[in-house]
Amino acid sequence: MYASGKYSSRGPALIPRMKTKHRIYYITLFSVVLLGLIATGMFQFWPHSIESAADWTLDKRSVHDAPLVHLPVSSPIPERGDLSCRMHTCFDVYRCGYNPKNKIKVYIYPLQKFVDELGVPISSTGLSREYNDLLSAISDSDFYTDDVTRACLFIPSTDVLNQNSLRIRETAQALAMLPRWDKGMNHLLFNMLPGGPPDYNTALDVPRDRALLAGGGFSTWTYRQGYDVSIPVYSPLSADVELPERQPGPRRYFILSSQTAIHREYRAELERLKEENGEALLLLDKCSNLSQGAASARKRCCKGQVYDYPHILQESSFCVVLRGARLGQAALSDVLQAGCVPVILADSYILPFSEVLDWKRASVVIPEEKLSEMYTILKNIPHRQVEEMQRQARWFWEAYFSSMKAIGLTTLQIINDRIYPYAARTYEQWNNPPVVKWSSVNSPLFLPLIPPRAPGFTAVVLTYDRVESLFRVITEISKVPSLAKLLVVWNNQNKSPPEGEKKFKCPECTAIDGLSLDQTHMVERSECINKFASVFGTMPLKVVEHRADPVLYKDDFPEKLKSFPNIGSL
Amino acid sequence: MQAKKRYLILLSAGACLLLLSYLGGVQLPAASRSRHDRSRTGYRPDQPWPHFSDPLHLFSPVGHTDTEEYNLHISPRQKRDGTASVYKGKRCRVDSCFDFAPCQRNGFKVYVYPQQKGEKISESYQNILSTIEGSRFYTSDPGQACLFILSLDTLDRDQLSPQYVHNLKTKVQSLPLWNDGRNHLIFNLYSGTWPDYTEDLGFDIGQAMLAKASISTENFRPNFDVSIPLFSKEHARTGGDRGFLKYNAIPPLRKYVLVFKGKRYLTGIGSDTRNALHHVHNAEDVVLLTTCKHGKDWQKHKDARCDKDNAEYDKYDYKEMLHNSTFCLVPRGRRLGSFRFLEALQAACVPVMLSNGWELPFSEIIDWNTAAVIGDERLLLQIPTTVRSIHHDKILSLRQQTQFLWEAYFSSVEKIVLTTLEIIQDRVLEHGSRSSLLWNSHPGGLFALQPVLTPDTWETSPSTTLHWVSIKPYPKFTAVIHAVSPLVSQSQPILKLLVAVAKSQYCAQIIVLWNCDKPLPAKHRWPATSVPVIVIEGENKVMSSRFLPYETIVTDAVLSLDEDTVLSTTEVDFAFTVWQSFPERIVGYPARSHFWDSNKERWGYTSKWTNDYSMVLTGAAIYHRYYHHLYTNYLPTSLKGMVDQLANCEDILMNFLVSAVTKLPPIKVTQKKQYKETMMGQSSRASRWADPDHFAQRQTCMNKFASWFGAMPLVHSQMRLDPILFKDQVSILRKKYRDIERL
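If you read the protein sequences in the order shown, they are chains A and B.
Going by full-length UniProt numbering, the first sequence opens with residue 1, and the numbers climb by one from there.
Going by full-length UniProt numbering, the second sequence opens with residue 1, and the numbers climb by one from there.
Honestly, I wouldn't trust all of these hints.
[Said to hold, decoys possible] Capping the alpha-carbon separation at 30 Å, the derived lysine-lysine pairs in DSSO-like fashion look like this: (1) A:K542 - B:K672; (2) A:K485 - A:K495; (3) B:K736 - A:K562; (4) B:K608 - A:K562; (5) A:K479 - B:K246.
Hints are computed from structural coordinates only; laboratory data are not their basis.
Here the structure is a predicted model, which is why all the values come from computation and not from measurement.
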């Protein structure tokens, strides 16, 4: 642009000897180009003046552009959550309706900035990075709908992940102001850090009417089974730290405690275990010489020695996850990521996604009171089971803990499964690592049934044109008492099947005694086997060395008394 | 020069044009596309969640200041005590209303109060009590007990019922061990009465746990109460009928898609859904029939539809519909649960639940989505579309799961009660509890005892139905030789056997179980072998000690042997390779059979060479070591005691047990001719087979065992597994197990 401007301004001086006709031509051309460029530039760089908040510039929006909403002091406050709420009492299933895809539709309210009458915001932090990630993931998913009238579930954009940053009353008022709030019906709130000092309730203190709560740190007394969803407390290290998966097996330490704020009574108990069992235990604490902050979150110390966190978690078979002020601990996520089996000591804690995840396969839960017996309890677990748990722990993290997206979509899937239970994901789908899902073709027949003889069997004979052989088979098989039906599949397009008992002479048939002797046939079949094995990714066939015979087969026993005397005789 | 300038100008003009087309040309189509979008969908006030570019705060500050402050003013012990005192009554949980101490001290023992004179007890409750008294959990010493069961009949708490026990409140309060119901379990089938049918039992249950039918999710205290199915007076005490599914029809469709036949309540609680059923009825493949004829004065309340409905109702037979329908509607009645639920389950008719808020039976451990369709009463009109949309594979799988669940947990009062107790045991001894996988797959939680074998490799194949029996078992076996006679000569069969077994390439070790009264022979008396030989002195020298889960058995496979068994190395090798394909079954040589003796009306036992068999003797058999654990811990003392007292029948009992678990027969493998002859012509004085009483005892045993199991678990088989090429007319050199054929 700069270059063209320079030329056009100097134009007349540079081309003095040009013919006027030409000169005019060039000048016109330049002016047109210049005007065009200026117009394009305007279009490009001042879009807001042309179209306000045009949708093609969505990618560059700021949270500060969110409309401001003033909450009147008298604005209504929702009721506290009703503990007896269940899907059939507090959830409007008609909004979800019948749906061939069996998928709920989820609407997200547009971002608004709520302030009180004095202009003070209801939240000290506003939208957090994590909640933004969560909402983005939902809006990018199949669950999302932008049509509020068709939604089954509503998600407020007000971030209540951390109760500490909220003004309880005003947040509740803000929720009640949502256009579709309707007593919180079909609304879903995500909260990871509930409660506040001094008692730290185990569920979000914000009054919320009938809204569902996806909460981290529920206790059995606040969790409404089948209504709320227990979610993990997201660990920011999940995104920052990469821990490559380690092969399950014995680790350098047997038990590791890496949390920093452990109550002195529990720490004393752990110290005592350490004295009794020595090197098998490693007890870490925060490093006293490091200042608080991000760096200190990544270091742990023991007797002056510094360890990298969370990497050190990979060095232990079991990792202690003790409750703190809250039942839910972000450390659980770190421990799972490291493939360390969590030993959870948090009485009455509802484990994350416990509605669908089988935690018995990935963790050990010990009552807080039994901390002193932890070592004995863990030593009694067979090695193979520990390895299985290590593998399972890592897989749980990858599938359900590793990102806000994973947490959000898992929560929605759980609610989806309740609304369409007949299309719900199965236990295996939730709990088996994908490798397993893949390697076992799920057979719909699994019950050990010995079918009664009464209905008999159907014989299916595949034939091409060896009619004589076919007739021999038919004659033999029709003697079988339990034959119910005989089905001949005529697999030859060029010939029509023989009618009646007419005998055909077929010279080739006798020439080759059985196809299997044919060399090319064997080669083809080998090729088939290799092709199938490569598609299956593994060789599913198994070799055995036995064969089923009748009990008295070839025994020195009167043939008359044998059930199947003819077997084996040619 | 002029030409040069002209080129320069042309070039710059061209560059400008290019720039123009780049800036404008690329942008404009995008803009026009978005305009096009808008014109198609109209004005959208709500955008998808925008991608904000601002740096945002983290939701949680780094550091644990909350916990540090919290820890300063609260002690964990205080907190626990505080919890325990606050959460009582409807908010009871094991953390607040249960005392773990006696359970951890003495294990999971259950005490039943002695029955008081003059107290009437219903037959159903009597069955519950006798099941507990006959189970391995029972203790007669309240000092040992972890759980207490009342001898007062609490099953029927409907005041209008003749079974209703009066003054229960005072009777319970006066029990010296009541202790406000702590560690008590109360069984209940009916509570409340017309018109509101509340779930209150009519007396203060204190901190007791409930095992209750028709319990609602609102009243159900998770991890504390147990939801049990409603069962009738006629429900079998033990064993119980098997499920009705005999074979899998493919495609799995039956005459009807969905059926229901039952009462219609015109008014009051639970009437809404049943009153609306006629909207869905189509008299073809969806047959939902109701009758108004129930109660004394039904005529008074009847509505316009009653007569027509009643006539239609009488046209169909309930049983016929049950057995010929793919799905069975199970709507709530006055109460949430109904008999129909178990009836449908047994009939392999997939239950379609229409009972909002019912905490389904054993919901803590059973994944009901695998065996039932959980409908919503509010969406009754969608039910036909929903069930029709279920894929054939899913129907097949749902149907089989109904059978598995019926047989594993519901077919008898005993199973219902034991399942209830096992669930509570899992809570009490939490760290050893069974995973959902074990509860929901064959053979089920009652046969998967603690300590449970690890579900090792999850590479379970569809044919390996027992998840805890690994598909890739440890590739070696441990031989356990049961020695009862003293070692006097070097030509005794036991020494030959030891040498032959030790030579097997799959043998990891040999355990000699010394159940002989004579002292252990000196070490040098045993032949030198390449595998370790461990001699264990039998505990009390009783028969059951051969099936103890010895810690020294590290392999999955156990080769159980009598001291006089004659086996060659080849036979052992072959049997082990067969077992690897059937790790959940007994694989061995000498086979026996059972039969029903209709003259004597009892089970008979035969050792005749017949065309079929149902037992393989454990004097020469391979099976999974898990069965040692199951034999020792699952079977009641009464049966094991009988075996020890007779010094007989232990092999029959083991066969009963394994077939009860697998529902399959054992597997007989080829045996060498000489083996048979030795077995038949046994004349050794020491042999217990020579005793004439021996055979009669075995008949008695069989009948005793069958009555404890409640049914005959043994299954006949006509199959023997031989090596491929066995007795085929090919060169013996091509045969791998040629010694089996050689005489």
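Hints, one by one, checked against the model:
no. : hint            : verdict
1   : A:K542 - B:K672 : holds (27 Å)
2   : A:K485 - A:K495 : holds (24 Å)
3   : B:K736 - A:K562 : holds (27 Å)
4   : B:K608 - A:K562 : holds (13 Å)
5   : A:K479 - B:K246 : holds (25 Å)
The structure shown violates none of the earlier numbered hints.
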